[in-house]
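Anchor point for the sequence shown: position 62 equals 62 in our numbering, and the numbering is continuous, going up by one each time.
Calculated from the structure, these hints are not laboratory results. Check each hint, because a few of them may be wrong.
[Unchecked claim] Here are the simulated DSS-like pairs of lysine-lysine, each with C-alpha atoms no more than 25 angstroms apart in a straight line:
1) Lys291 x Lys212
2) Lys52 x Lys36
3) Lys52 x Lys35
[What the hints assert, rightly or not] Pair by pair, the computed Cβ-Cβ distance ranges are:
4) Lys35 x Ser264: 41 to 51 angstroms
5) Ser49 x Val78: 49 to 59 angstroms
6) Ala71 x Ala191: 51 to 61 angstroms
7) Asp40 x Val99: 35 to 45 angstroms
From the three backbone atoms N, C-alpha and C, an ideal C-beta is built for every residue, glycine too.
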Amino acid sequence: MVSKSRLLKIKMKLMNYKKIILFSIPIILAISCGKKGCTDPVAHNFDPSATKDDGTCFYGLDESSASFSFASTSNPNVVVFTANNSNAECSWDFGNGTVGSGTIDTAEYPFAGDFTVTLSIFNSQGDASSSQPISIDSNDLSLFDNPLHLTLTGGISGPGYRTWHIDSACDYHFGVGPPEGSSPDWWHAPANEKPGVGLYDDRFTFHLVGYKYDLLTNGDIYVHNTIGSTFAGAYENLYDWTAPFDDMPNESWDLTTDSVLTLSNSAPMGFYTGVSEFEITQLNDTSMIVKYGHHDGTLAWFARYVPEGFVTTCP
1 MVSKSRLLKI
11 KMKLMNYKKI
21 ILFSIPIILA
31 ISCGKKGCTD
41 PVAHNFDPSA
51 TKDDGTCFYG
61 LDESSASFSF
71 ASTSNPNVVV
81 FTANNSNAEC
91 SWDFGNGTVG
101 SGTIDTAEYP
111 FAGDFTVTLS
121 IFNSQGDASS
131 SQPISIDSND
141 LSLFDNPLHL
151 TLTGGISGPG
161 YRTWHIDSAC
171 DYHFGVGPPE
181 GSSPDWWHAP
191 ANEKPGVGLY
201 DDRFTFHLVG
211 YKYDLLTNGD
221 IYVHNTIGST
231 FAGAYENLYD
241 WTAPFDDMPN
251 ESWDLTTDSV
261 LTLSNSAPMG
271 FYTGVSEFEI
281 TQLNDTSMIV
291 KYGHHDGTLA
301 WFARYVPEGF
311 VTTCP
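Work out the full structure, taking the sequences as your base and the hints as a guide.
The structure is reproduced here in structure tokens:
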């Protein structure tokens, strides 16, 4: 027969077990019902408040994700590039001054040389890039479908570039007219009308290899009066504004078959009106005339350039 004291001890133990069980149930429930998410601290989407991993962790892309292959076509100067990752947006830098997009793209290399091609990719997992060298053995000038490329840059018989400047010695070296017009019908500058404003000492150099554009400002540029105040340190000068402005070397240029010249990073090419696209209306080895817009679309500007070192003959 069990004594009363023994029964009392058994009863006390049962009560303690009951308390432990009752205390543990909320903890178990909390654990089983905790917030779901990514619990891996090294993952991109780590959630420090998550208590239960839901399998959504992702770890981004590495360089191998942006690998690519390339092969020449029947023309060794025309190369097809293929990204090995078809589940990402692709952006190409072909190393020759041109860019592309898409899983598969083609680049033309008119000149012999060594180039570095870079593929950049991105998707929901992140972004990555990789680069490879490519060598082109010989020139193929037949790839220039626009002869203006050669005239603008001086072709390959010279140094490979041509430097232009405003033809300040002649009337009509720049002026303004209606947007739909083809000449500066509203106003034009007589010869040397704007000395000392930061216009006549600017130099614009176009390189054939790599489509490189170098802007030499000699410290300042001339800008339209409606945007002059947006340039730090600018001041009024002969009706418009002179603005401090650093050189812009190693920019790029693009010239379409409809003679529209585009400069990278909004680089100026003379009197600045807030645009960086210029329609070439005349181009030969001794002069260039361009038409370009105004930042608000209300005007058309015109400018005449001559090559560095050329003794101009006014039209």
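Cross-check of the supplied hints:
In summary, the hint linking Lys291 to Lys212 is supported, as the alpha carbons are separated by about 21 angstroms, within the 25 angstroms threshold. Simply put, Lys52 and Lys36 have alpha-carbon atoms about 5 angstroms apart, close enough for the 25 angstroms limit, and the pair holds. Of the supplied pair hints, the one linking Lys52 and Lys35 holds, its CA atoms being roughly 6 angstroms apart against a limit of 25 angstroms. In this structure, Lys35 and Ser264 meet the distance hint of 41 to 51 angstroms, their C-beta atoms being roughly 48 angstroms apart.
At roughly 54 angstroms, the beta-carbon separation of Ser49 and Val78 lies within the given 49 to 59 angstroms, and the hint holds. The beta-carbon spacing between Ala71 and Ala191, approximately 56 angstroms, falls within the hinted interval of 51 to 61 angstroms. Asp40 and Val99 have their C-beta atoms about 36 angstroms apart, which keeps the hinted 35 to 45 angstroms range intact.
Comparing the model with each numbered hint stated earlier shows that all of them hold.
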